[in-house]
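Residue numbers (the numbering used here), protein chains in the order written: chain A, 1 to 385; chain B, 1 to 375.
Watch out, some of these pointers could steer you wrong.
So the derived label-pair ranges between C-beta atoms look like this [claimed, not checked]: (1) B:Asp348 <-> A:Glu278: 30 to 38 angstroms; (2) A:Asn290 <-> B:Thr185: 56 to 64 angstroms; (3) A:Glu362 <-> B:Phe207: 54 to 62 angstroms; (4) B:Leu215 <-> A:Glu161: 51 to 59 angstroms; (5) B:Thr316 <-> A:Asp281: 52 to 60 angstroms; (6) A:Gln124 <-> B:Phe210: 36 to 44 angstroms.
Keep in mind that the hints were calculated from the coordinates and are not lab data.
Idealized CB from N, CA, C, for every residue including glycine.
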Amino acid sequence: MDHIYLDHAATTPVDPAVVEAMLPVYREIFGNPSSIHYFGREARKLIEDAREVIAAEIGATPKEIIFTSGGTESDNAALIGAAHARQALGRHIITTKIEHHAVLHTCEHLEKEGFDVTYLDVDQKGRISLDAFKNALRPDTILVSIMYGNNEVGTLQPIKEIASLLKGTNALFHTDAVQAFGLEAINVRDIGVDLMSITAHKFNGPKGVGFLYIREGVLLETYQHGGEQERKRRAGTHNVPGIVGMAKAVKLVSENREEKKQMMYRLRQRMLDRLTEEGIDFAINGDLENGLAHILNLYFPGTRVEALLSALDLAGVAVSSGSACTAGSVEPSHVLTAMFGSDAPQAKSSLRISFGLYNTEEQVETAARIIAKTVSGWQKPKHSG
Amino acid sequence: MTKAPEKTRVVVGMSGGVDSSVTALLLKQQGYDVVGIFMKNWDDTDENGVCTATEDYEDVSRVAGQIGIPYYAVNFEKEYWDKVFTYFLDEYKAGRTPNPDVVCNKEIKFKAFLEHALALGADYVATGHYARVEHIDGHVRMLRGVDRGKDQTYFLNQLTEAQLSRVMFPLGGLTKSEVRDIARTHQLATANKKDSTGICFIGERNFKEFLSHYLPAQKGEIRTIDGEYKGMHDGLMYYTNGQRQGLGIGGPGGPWFVCGKDLKNNILYVAPENHPALFSEGLTAENVNWINGLPQESLFTCTAKFRYRQPDQPVTVMPQVGGTVKVMFHEPQKAITPGQAVVFYDGDICLGGGTITTVLQKNYFEKLDFVQAVL
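When you get a sec, could you build the whole thing from the sequences and use the hints?
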């Protein structure tokens, strides 16, 4: 059986060109960038070249980029580092109820330390209200963390508007752009954020590497102690092959970005059209017009998501829903719960389908047929016999 | 079975223990399309966010990886709470000693789980129970496991023929030590894992303490069957008929055994060893399930167990209307406990069973008239 991968919001396959870029680093350039000898310099050049590529892509300067192990580390570094560095100015933080757990659980940790966190509600499309945001802002607000595009439903947030509302306040503005980066062109000067988290594996780069943009002049408390790498901002030997691979992946996403985005729109629309033709009952969670091109979150009334996910996997379609607990069972999505309420059927009967560069229209056709057939088992139960 | 094994999907309930691991392995070796499912029925997450289900699920994932089968988890916490745990507490409140394993099999493993498996396209579900299913003359019967020391039909007495027609028990023909050997030979990750003991949601914890979180305990008097005050008990729910340990009473005439409870006056009755009050002549039971239908005879003899791992006892059974039954023992029996299951057998065939409601005793409790009439 051919398995069809429609879970690119979880992770993406590594681009062969990225693998090609990394192989020589694994094979030959093994030096430690912090070493002062020839081997160290060789490796050092690679990571500084990578930093330039990445900085240029987001409109930053190279020294505004620090390399991390990925999105979770970037979020932790930004939030804990900013909160600790600015606590003399206040202890209030604003975020949303639909952040990734890397942000939500870090905020909960900060609450235990005595910080006061406001979790903004979202509407049924998954978007925060700017009025609610304005009302939440206080003189002692020192940090705002609002994701660029949601990883479950794809909804984009009004980042620019929030940034302009924060002008002249004491608050730093962090955005988790992990899911958005790639298909969305993001220029940090243009959107006006102070901190931005990115991970490579969401845009056909390697796992275990990411970066944090820190606007020049912004000071964070160091969260990881050790060597003096990254200007003492992030201790630990550099993941040189990973950083090289990430830079290659960054270069690749900027090529033909609009074309790739159009392809995602086409695949997404094809899925919707085919499901409609199959006559099953479904509704869209999120906001297609104002959302990430590769994410489609659908509510299938009458289904049980755990059984649905397993049945689809057994039929060769890999999709997802919410997050799994440590014992493997699927927890109701906190994003859908925030959008529709804690008892809403959407939280128990929705799937996230997310597309990627190597998907074909044929795969989407096949997957739609399988999804429709599986869902109809609940929606149109066969009479026994 | 009409379909070829490779076209027959068998969904295995995998707990992370050695029995269900070997169950999945054997089915895979027989060529079935095997899918493993871990059931999460109880949330015991502690303040550090640690739950024992995590470790068990990791074992399922490891073993399924070794065998080469897909695996998933399903959450039945709500179903378990509503159908099993609520029953468990209600029974204690009513002064009985519940058997949650019987109800878990009836409501969760062979109902909610079976339905879940069917939604995944299962032809059969399989578990690591030591029992056998026999397809004969268009009927399905449940037989005892070949390993008499491990036979689990006692806990499966509420299954219906319709359920059994969808069930496989691949371990039914094996002994526990053979199962361990198979696991070791194939180096399954769970080969040397300790068997779980006790009620699943209580685990290794202190039973009394667990129960006290959910039910108020009321101290009361312990009296002998002749009315003599012997001391105080911690709450009637903590004691079962025949119990000797943990009474905290001694003195002349002992050792003492629990022989009854007066729920209304909150009195625990005890009797000395071999006292007639510890023996009973019969019982009544409700919620009786006859696996292959209600027996034709209005009175018949067979054997029965009143608790797990007890040798069979000869009995005379009188099925009543409304799913109840009267059972008379051929020999007086000790420690018959309301709330526990009575399960009937014809040789190796498990006929079904029910929940013990009352104990019939000659001289000491109010069922006297009936007992004499029957005897």
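Out of the numbered hints, which ones does the structure contradict?
Per hint list: single violation, 1.
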